[in-house]
Amino acid sequence: MPTKSIDNCVGALLDMYSSDKKLFSFSSVLRSGKIVNDFTNPSTVRYTINSLLGLSQVPSHWLRGFDVEKETAAFMAQNSTSIVNAGDQGLLLHLLSVSAMESDSIRRAVLQRVRADGEIGRLTLQEVCWILSGLSSSADLTGDEESLEAARQVAETIEQSFLNRDTLLPFHQASGLRRRFVSFGGISYFLMALTSYSSLAGNEYLATVAREATRRVIDLQGPDGEWAWFYDADRGVIVDWYEVYSVHQLSMAQLFLLPQHNLGLDEAAPAISRGTSWALGHNQLDERMIYDEPFFTHRSIRRKGPATRARRLAGAWIRTGTRLGARPAPKWSLEVNPECRSYELGWFLYAWAPIAELPGTEDLLRLK
Amino acid sequence: MRIVIFSAFPLLDRHPYKRRLLASLLDQEYVEEVAVVYGYSSLLESARVAKRLYTITEGIRRLKSSGGGDSSERMNDARASMGPELLEEGSLSSQASKLQTEVKRFDRFGDAACLKFLAEWQPDVGINLSGLYIPEAVYSLPEKGVFGGHFAELPRIRGADTVRWTVMLDQPMIVSHQVLSKGYDLGDVVLRSRVTVNRGDTIGDIRAKCREVHADGCLEIVDSIQSGQLVATPQSKLEGSHFRKMGKHLEGAVDRILKLERYSHYAD
Numbered sequence: 257m258p259t260k261s262i263d264n265c266v267g268a269l270l271d272m273y274s275s276d277k278k279l280f281s282f283s284s285v286l287r288s289g290k291i292v293n294d295f296t297n298p299s300t301v302r303y304t305i306n307s308l309l310g311l312s313q314v315p316s317h318w319l320r321g322f323d324v325e326k327e328t329a330a331f332m333a334q335n336s337t338s339i340v341n342a343g344d345q346g347l348l349l350h351l352l353s354v355s356a357m358e359s360d361s362i363r364r365a366v367l368q369r370v371r372a373d374g375e376i377g378r379l380t381l382q383e384v385c386w387i388l389s390g391l392s393s394s395a396d397l398t399g400d401e402e403s404l405e406a407a408r409q410v411a412e413t414i415e416q417s418f419l420n421r422d423t424l425l426p427f428h429q430a431s432g433l434r435r436r437f438v439s440f441g442g443i444s445y446f447l448m449a450l451t452s453y454s455s456l457a458g459n460e461y462l463a464t465v466a467r468e469a470t471r472r473v474i475d476l477q478g479p480d481g482e483w484a485w486f487y488d489a490d491r492g493v494i495v496d497w498y499e500v501y502s503v504h505q506l507s508m509a510q511l512f513l514l515p516q517h518n519l520g521l522d523e524a525a526p527a528i529s530r531g532t533s534w535a536l537g538h539n540q541l542d543e544r545m546i547y548d549e550p551f552f553t554h555r556s557i558r559r560k561g562p563a564t565r566a567r568r569l570a571g572a573w574i575r576t577g578t579r580l581g582a583r584p585a586p587k588w589s590l591e592v593n594p595e596c597r598s599y600e601l602g603w604f605l606y607a608w609a610p611i612a613e614l615p616g617t618e619d620l621l622r623l624k
Numbered sequence: 021m022r023i024v025i026f027s028a029f030p031l032l033d034r035h036p037y038k039r040r041l042l043a044s045l046l047d048q049e050y051v052e053e054v055a056v057v058y059g060y061s062s063l064l065e066s067a068r069v070a071k072r073l074y075t076i077t078e079g080i081r082r083l084k085s086s087g088g089g090d091s092s093e094r095m096n097d098a099r100a101s102m103g104p105e106l107l108e109e110g111s112l113s114s115q116a117s118k119l120q121t122e123v124k125r126f127d128r129f130g131d132a133a134c135l136k137f138l139a140e141w142q143p144d145v146g147i148n149l150s151g152l153y154i155p156e157a158v159y160s161l162p163e164k165g166v167f168g169g170h171f172a173e174l175p176r177i178r179g180a181d182t183v184r185w186t187v188m189l190d191q192p193m194i195v196s197h198q199v200l201s202k203g204y205d206l207g208d209v210v211l212r213s214r215v216t217v218n219r220g221d222t223i224g225d226i227r228a229k230c231r232e233v234h235a236d237g238c239l240e241i242v243d244s245i246q247s248g249q250l251v252a253t254p255q256s257k258l259e260g261s262h263f264r265k266m267g268k269h270l271e272g273a274v275d276r277i278l279k280l281e282r283y284s285h286y287a288d
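Protein sequences appear in the order of chains L and E. Sequential numbering of the first sequence, starting at 257, is according to the numbering used here. Sequential numbering of the second sequence, starting at 21, is according to the numbering used here.
By construction, these hints were calculated from the structure, which means they are not laboratory data. Just so you know, even glycine gets a beta-carbon here, dropped at the ideal spot from N, CA and C. Incorrect hints may appear among the rest.
[Stated by the list, open to error] Derived DEER-like restraints, expressed as beta-carbon distance ranges:
hint	chain 1	residue 1	chain 2	residue 2	range
1	E	R214	L	P586	58 to 68 Å
2	E	L135	L	R378	33 to 43 Å
3	E	K268	L	E412	18 to 28 Å
4	L	N593	E	A287	50 to 60 Å
5	L	E412	E	L135	31 to 41 Å
6	E	L280	L	E613	32 to 42 Å
7	L	G432	E	L135	22 to 32 Å
8	L	W573	E	A139	53 to 63 Å
9	E	R214	L	A365	49 to 59 Å
10	E	E53	L	T398	55 to 65 Å
[To be verified] On the chain E side, residues computed to face chain L include the following (Cβ under 8 Å):
hint	residue
11	M188
12	L189
13	K265
14	Y286
[Stated by the list, open to error] Here are a few chain L residues that sit away from chain E, every Cβ distance over 12 Å (derived from the structure):
hint	residue
15	N293
16	R320
17	I339
18	A457
19	R471
20	L536
21	R583
22	N593
The following block holds chain L by itself, in its conformation from the complex:
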C-alpha cells in the first residue's frame, strides 16, 4: 500500500539522520536488518536538503515526532558555511517556500546570483533548474514579484542556453566538453522546473516545450520501463543505459511525469507504471529494488567492474564518434548496487507523499 510505504519510508529516512550533525547520511547499507550510515562525503549537505524537502511533504502524523521546520532551522544554523553551492541554495529556497518557512536570507542569496552577470550561464543544468524551482515556488507561494522576475530570467537562460530545440533534450552545461551529454537526473530537474514555472507564469510556449519534451523522453524509455542514465542532447539518443538508478524509476521521473499527468498528458501514467514496475523486479536481473519492511531501496543496476564513471564517459564519446546507439548489456555483466542514499528516499517522499491517499496512486505504483 502506498500509504504504508510512505510510513515505512519515513522510518527508514529517519534512521539515516544524525541529530547531532543535523545531517542525513551520504550512503547507507543494510547489514543484518540494520541501517549503517556514512556521513563523510560533503554531498551530505545536498542530500539533507533533499531529505528535508521530502519530509516536508509528509503529513505530520506520519513524521514520528520529527519537526521538519525546527530541524531545517537547526540544519541551516549548524551548516550555514557549507550551503554555498548555487543549486543547493535553489533547492533550499524551494524547501523553505513549500514549507512556508522564513526564506528571506536564502532568497536574497539566490537573487544575487541571478543578477550577477553571466553566473547563471556558468552553472550546470541541475543547479540552474534547482534555482528555477526555488524561485518559482517562492513566487508562487509568497506572491513575491522579485522572485517571479528572477525566475523569468532564469527560464529564459535555460531556454536559450540549455535547450537543444532540435531534439528537445537539455544540455548538461551551456558550454564545455560534457555539454551534450546529459543524465536522466538533469532531464528530470529540467522538466520539473520548466513545467512548474510555465504553469506559474502562464507561459504557453514553455509549457508546450515541457509537454513535448516529456513525450520525447517517454519515447526513450526502455523495454522494461527503465530510464537510461546518459543521453546525447545533440543527437537525441541514449549513449549509455547504465547505471539504471532506482531513484529515477521510483521518484525522479515522477517529478515531471506526475505534473504532466495532472496537466492531461495521456502517456504519463503508463510511463510511471512501467518505471515503478522495473523497481519491483521487472528488470534485467529480475531483482526487486525496493523493499517495504524494513523499507529500503537498492541504488542501481550497474555494470560490474572498476572505474564505472570514467568508463561511462569514455563509452559515451566512443558511441558519439562512431554514431552507434547504446545497447543493454548482457545480464552476466550486471550487478545490483545494494547501497541506498538518503536523497533517494527524500525524492520518494517528495513525489508520492502528497498523493499517497489519492485514488489511483496504487495503480501507478503497482504496489497493490
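Let chain L serve as the given structure and place chain E on it in line with the hints.
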C-alpha cells in the same frame, strides 16, 4: 493617401501577394502615390541577414519558395485571379517599375539615407512586407503608422514560426494585423482575419494562404483609414507568450499532424 511599402532582399522578392497588393493599392482612387522601400538591398547585407536567420538548408528552401514557389493547385488558382499582367513571374521591384512606382534601395531601413528619403516623401501609411524588424525611427515617420501582418492570433502567439505553433497548439489559423511599436509583436491590433486551412495543406500552403490574407488585410486597413473607421485595440504585455523558432523534432511533429489531418480547424 501616400503609402510606403517596406520590403527586403529585392533580388529574391518574388512573392505574388506583394505584386497583387501593390497593384490593388494603386487602383484605389484615394491613393495618390506608393513607394517601395527596400532594406537589405545589397548582396552582402542579404547574406548577413540570411546567415543570422537561417541554416544553409533552410536558406535554400526559402530561396526556392521566394520564386512564388507554392506549387499547389489552389495557389495557382489564386494567382490566376490576379489579372494577366501579374501572371508574369517577376519581382516586386520590377512590378513597381512597370507601374511607374518609385523604388528605393537601402542597406538598412534605419540608414540616414533611408530616413532622409522617408522624411522628404512624407508617407501617410506604411506597410511592412519585409518580415523583418523596422526601427522606431522609421515606423514613427508615417502619420498613421506602419502596419504589419502577424501569422497567428495576437496576443496569444507572439514570436517566430507562428504558423507551425498555431498548428501544434491546434488553434484556428489567424492573421493579425498590428501597428508596429516598440515591443516585439506588442503593437495595437487593428484586424484579425481567419485563414482557410483545407485537408492536405502543408505548412508551405498555409503560409502562402496567410500571405494572401495579409495582403487582403492591408487593403482593408487602408480602406478603414480612408473612411476614418480604423479601430486599434491595445495588447496587454501580460497576455500571450513569446514563441521561439521551432526545432526539427517539433517541425516533424507539426508536419505529421498535417499529413495525418489531425488539425481540428479544417474548413472542408
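Fill in: Those earlier numbered hints the structure runs against, lowest number first
7, 14, 18 and 19
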